[in-house]
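Please arrange chain B on chain A, whose structure you already have, making use of the hints.
From first to last, the protein sequence lines are chains A and B.
For the first sequence, my numbering begins at 1 and goes up steadily by one.
For the second sequence, my numbering begins at 1001 and goes up steadily by one.
In case anyone wonders, no lab produced these hints; they're calculated from the structure.
For glycine and all other residues, C-beta sits at the position ideal for the given N, C-alpha and C.
Incorrect hints may appear among the rest.
[Said to hold, decoys possible] Listed below are the simulated BS3-like cross-link pairs for lysine-lysine, each with C-alpha atoms no more than 27 Å apart in a straight line:
| # | chain 1 | residue 1 | chain 2 | residue 2 |
| --- | --- | --- | --- | --- |
| 1 | B | K1249 | A | K312 |
| 2 | B | K1147 | A | K249 |
| 3 | B | K1312 | B | K1002 |
| 4 | A | K249 | B | K1002 |
| 5 | A | K361 | A | K327 |
| 6 | B | K1287 | B | K1147 |
| 7 | A | K228 | A | K264 |
| 8 | A | K3 | A | K249 |
| 9 | B | K1327 | A | K225 |
| 10 | A | K86 | B | K1228 |
| 11 | B | K1312 | A | K249 |
| 12 | B | K1305 | A | K228 |
| 13 | A | K213 | A | K227 |
| 14 | A | K20 | B | K1312 |
| 15 | A | K3 | B | K1020 |
| 16 | B | K1287 | A | K227 |
| 17 | B | K1129 | B | K1147 |
| 18 | A | K3 | A | K129 |
| 19 | A | K312 | B | K1020 |
| 20 | B | K1314 | A | K20 |
| 21 | A | K2 | A | K249 |
| 22 | B | K1129 | A | K2 |
| 23 | B | K1312 | B | K1327 |
| 24 | B | K1264 | B | K1147 |
| 25 | A | K20 | B | K1003 |
[As the list claims (entries may be wrong)] Here are a few chain A residues that face chain B, going by a calculated C-beta distance under 10 Å:
| # | residue |
| --- | --- |
| 26 | H27 |
| 27 | R29 |
| 28 | P75 |
| 29 | P236 |
| 30 | A240 |
Protein chains: 2
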Amino acid sequence: MKKRLFTPGPTPVPESVMLKMAEPMIHHRHPEFTELFTRVNNNLRYLFQTSGDVLTLTSSGTGSMDAVVCNLHQPGETAVFVNGGKFGERWGEILRAYGMHAVEVSVEWGSSVSADQIADALKGNPAVKAVYLTQSETSTGAATDVKTIAREVHKNCEAAVVVDGITAVGAMELRMDEWGIDAVVTGSQKGLMIPPGLAFLALSERAWRMTEKSTLPKYYFDLIKAKKAVRDNDTPWTPAVSLVIGVDKALEMIRSEGIENVWKRHDRLARSIRSSAQALGLSVLAKCPSNALTAITIPDSLDAKAFNRTLKNKYGITVAGGQGHFKGKIIRISHLGYYDEFDMTAIVSALELTLKDCGYKFEPGVGVRAAISAFSV
Amino acid sequence: MKKRLFTPGPTPVPESVMLKMAEPMIHHRHPEFTELFTRVNNNLRYLFQTSGDVLTLTSSGTGSMDAVVCNLHQPGETAVFVNGGKFGERWGEILRAYGMHAVEVSVEWGSSVSADQIADALKGNPAVKAVYLTQSETSTGAATDVKTIAREVHKNCEAAVVVDGITAVGAMELRMDEWGIDAVVTGSQKGLMIPPGLAFLALSERAWRMTEKSTLPKYYFDLIKAKKAVRDNDTPWTPAVSLVIGVDKALEMIRSEGIENVWKRHDRLARSIRSSAQALGLSVLAKCPSNALTAITIPDSLDAKAFNRTLKNKYGITVAGGQGHFKGKIIRISHLGYYDEFDMTAIVSALELTLKDCGYKFEPGVGVRAAISAFSV
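So that you can see chain A by itself, here it is in the shape it has in the complex (with noise of 0.2 Å):
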């Protein structure tokens, strides 16, 4: 049976990447890893849309996290965080394990941070140095306007916006330097389209001055080594090359294609999604939706398990399901990377001969016109 794989990360590594990255080894203190490295440099930077350092740290999109809190701050300060589902609830465990004075401000999981909640919370603690946001919040699908927010930010206080774009980089509009964001984190298993393993980090002038100041401790995640090395094209540590290799290729691609229309494509693909599953009866989780991926609520009559099961074993697709109290209520359908309309077609068609299985009553077709109208919009 065909697979297909429709997870929010790891996404699908397109062929040629995957036969890029199986090219016999190269060692990474000598020219030929140098001269790819300085091509992934510049390409980080204009998907990042910063004239700033991007760094390539080996680690998961959670070790990036992990370093800008340890590199941005001096313990017991203050920091502001969003609690709108579990990768926003991540920065709060972080600021937490760092000994920082982590303020929440809680919104139902599914829904999306206002920029006057965030004000409310920066009017009641003068002393905030950060507000840690999530663009993309990938077990909900919800997205938040980081670019209104920042603004925002700006104009009321000092402090640091930092932003998780780990879904988002590669999805959705996020242009760091205009919109004056702060810190941006990224995963390489994400809108990169290469297998996980490495992490994306880039900050502002505002965010190094931080770091001169942090007493954090930290080694692995010293950020100033990474700066220092980035200059040279090189990493403080041993990098994982092929996974580098891949990226470079990964980056062309999307360079190729061009930044915006890498976000226009993810904004079809997501509306031909979304308006699948209106056509089928069932709904979004998210109010203000993502374009990297869509969490579509599992109706009460189905039993989540089977359905699951029958997409999988049946049809060979592979979806996530939900994260904490959304276990066994939603799945999450990705179409963040190397995806084009006809994966959509596929994925939805798969979704209408799963719910027909289950007994779930619907006009057959309904879904896969509703995506098909909507690539020509």
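Then chain B, alone, in the frame of chain A:
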């Protein structure tokens, strides 16, 4: 030109492993990964010769060194480390980054620390919580007798014995449980024959007890979280999936050869390179040499840069140069991981041709003859 990699990490990746890693991506929270990771975890215990858990971290080897320090200690505790090369020195840097009192045992780079030197350091510092060693010092090619040192340390005090096994694991005899080693770390791009990006770490019961009292801040490298996850053959964060697939295949190769045979093969190849060097009138830097790599001093009469350039550009061979004050003075040749006898005759032949090109006087063939003779000993 056919290219050959002889660096002590990254090391060559077997073709079958590269192709396995190029297969379509799978998701790490699904049964296909769990099945594979269960096998990996069993085989890692065999590799480390421990009945305890071996944790898989997505990081370079340095990440696992950082993880050991920030999980075992409380700020201000005392630990002994050995500065006999760049990687021993690194233990000291990490200890100090975490606010530890780091007692340095200094040995000339290229020499190995003795059990007596460690005993002296412990006598002068009764509060020592751990002794940090490097079994195979990659910067000099020197080996440390961690078996004897661990026995002597445990006879006299309660300190934990921590071993950087980054270029030792899978190359040199290491029996974690039997020898009473409290922590072992290694990286993926060494004896494990896969690309860089994963690190592996095991702790003894004593070391796990230390983690429970540790108050140093950590999140990504929280080993208690990793231990809980590995009990379910899971990881707390998204692992480098393709590399885990690769290490599964590589561990199967090691298991099928048998770990004792793997150690014997490394011993045989290392002896052949050392014999060749001697026959060619070159000197091996390390007094007690590692079986993972051989550092050979470049004679003063030769231009080191021209030597390396010829080896690389004319013969397609990549070796490692010297680090720190050995820059331009030595070359480091790897026989670590996926190498056999005929790889040794290839590198020695290339060395002979390069020496000849550089005007060095020797009897042609004498190096290769010595290599071949050593195989049958």
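Verification of the supplied hints:
For the suggested pair K1249 (chain B) and K312 (chain A), the alpha carbons sit about 25 Å apart, so the restraint of at most 27 Å is met. Distance check on the hinted pair: K1147 (chain B) and K249 (chain A) sit about 45 Å apart at the alpha-carbon level, beyond 27 Å; violated. The suggested pairing of K1312 (chain B) with K1002 (chain B) holds, with an alpha-carbon distance near 11 Å, which does not exceed 27 Å. Using a Cα cut-off of 27 Å, the hinted pair K249 (chain A) and K1002 (chain B) holds, with the two alpha carbons roughly 23 Å apart.
Among the hinted pairs, K361 (chain A) with K327 (chain A) is consistent with the structure: their alpha-carbon atoms are about 24 Å apart, no more than 27 Å. As the CA atoms of K1287 (chain B) and K1147 (chain B) are separated by approximately 18 Å, the hinted pair is consistent with the 27 Å bound. At roughly 35 Å between alpha-carbon atoms, K228 (chain A) and K264 (chain A) are farther apart than 27 Å, so this suggested pair is violated. Distance restraint check for K3 (chain A) and K249 (chain A): the Cα-Cα separation of roughly 24 Å lies within the 27 Å cut-off, and the hinted pair is therefore satisfied.
Using a Cα cut-off of 27 Å, the hinted pair K1327 (chain B) and K225 (chain A) holds, with the two alpha carbons roughly 21 Å apart. Using a Cα cut-off of 27 Å, the hinted pair K86 (chain A) and K1228 (chain B) holds, with the two alpha carbons roughly 19 Å apart. Under the criterion of a C-alpha separation no larger than 27 Å, the hint pairing K1312 (chain B) with K249 (chain A) is consistent with the structure, at around 25 Å. The straight-line distance between the Cα atoms of K1305 (chain B) and K228 (chain A) is roughly 25 Å, inside the 27 Å bound, and the hint therefore holds.
For the hint linking K213 (chain A) to K227 (chain A), the alpha-carbon distance of about 16 Å falls within 27 Å, and the restraint holds. This hinted pair checks out: K20 (chain A) and K1312 (chain B) have alpha carbons roughly 22 Å apart, not beyond 27 Å. A C-alpha spacing of about 16 Å is found between K3 (chain A) and K1020 (chain B), which places the hinted pair at or below 27 Å, so the restraint holds. Annotation: proposed proximity of K1287 (chain B) to K227 (chain A) is violated, straight-line Cα distance about 37 Å (limit 27 Å).
Restraint check for K1129 (chain B) and K1147 (chain B): the C-alpha separation of about 18 Å stays at or below 27 Å, so the hint holds. Of the supplied pair hints, the one linking K3 (chain A) and K129 (chain A) is violated, its CA atoms being roughly 46 Å apart against a limit of 27 Å. Using a Cα cut-off of 27 Å, the hinted pair K312 (chain A) and K1020 (chain B) holds, with the two alpha carbons roughly 22 Å apart. Between K1314 (chain B) and K20 (chain A), the direct Cα distance comes to roughly 25 Å. Compliance with the 27 Å bound is thereby established for this hinted pair.
Note on K2 (chain A) and K249 (chain A): the hinted pairing holds, with a Cα-Cα distance of about 25 Å set against a maximum of 27 Å. Note on K1129 (chain B) and K2 (chain A): the hinted pairing is violated, with a Cα-Cα distance of about 55 Å set against a maximum of 27 Å. Proximity of K1312 (chain B) to K1327 (chain B) is assessed by CA-CA distance (about 17 Å); at most 27 Å being required, the pair is judged to hold. Simply put, K1264 (chain B) and K1147 (chain B) have alpha-carbon atoms about 17 Å apart, close enough for the 27 Å limit, and the pair holds.
A distance of roughly 16 Å separates the Cα atoms of K20 (chain A) and K1003 (chain B); the hinted pair therefore holds under the 27 Å criterion. The criterion of a C-beta within 10 Å of any C-beta in chain B is met by H27 (chain A), whose closest approach is roughly 5 Å, and the hint holds. About 8 Å separates the beta-carbon of R29 (chain A) from the nearest beta-carbon of chain B, less than 10 Å, and the hint is met. The beta carbon of P75 (chain A) is positioned within 10 Å of a beta carbon in chain B (closest approach about 8 Å), and the interface hint is therefore held.
This hint holds: P236 (chain A) has a C-beta 8 Å from the nearest C-beta of chain B, less than the 10 Å allowed. Among the interface hints, the one on A240 (chain A) holds; its C-beta lies about 3 Å from the nearest C-beta in chain B, closer than the 10 Å criterion.
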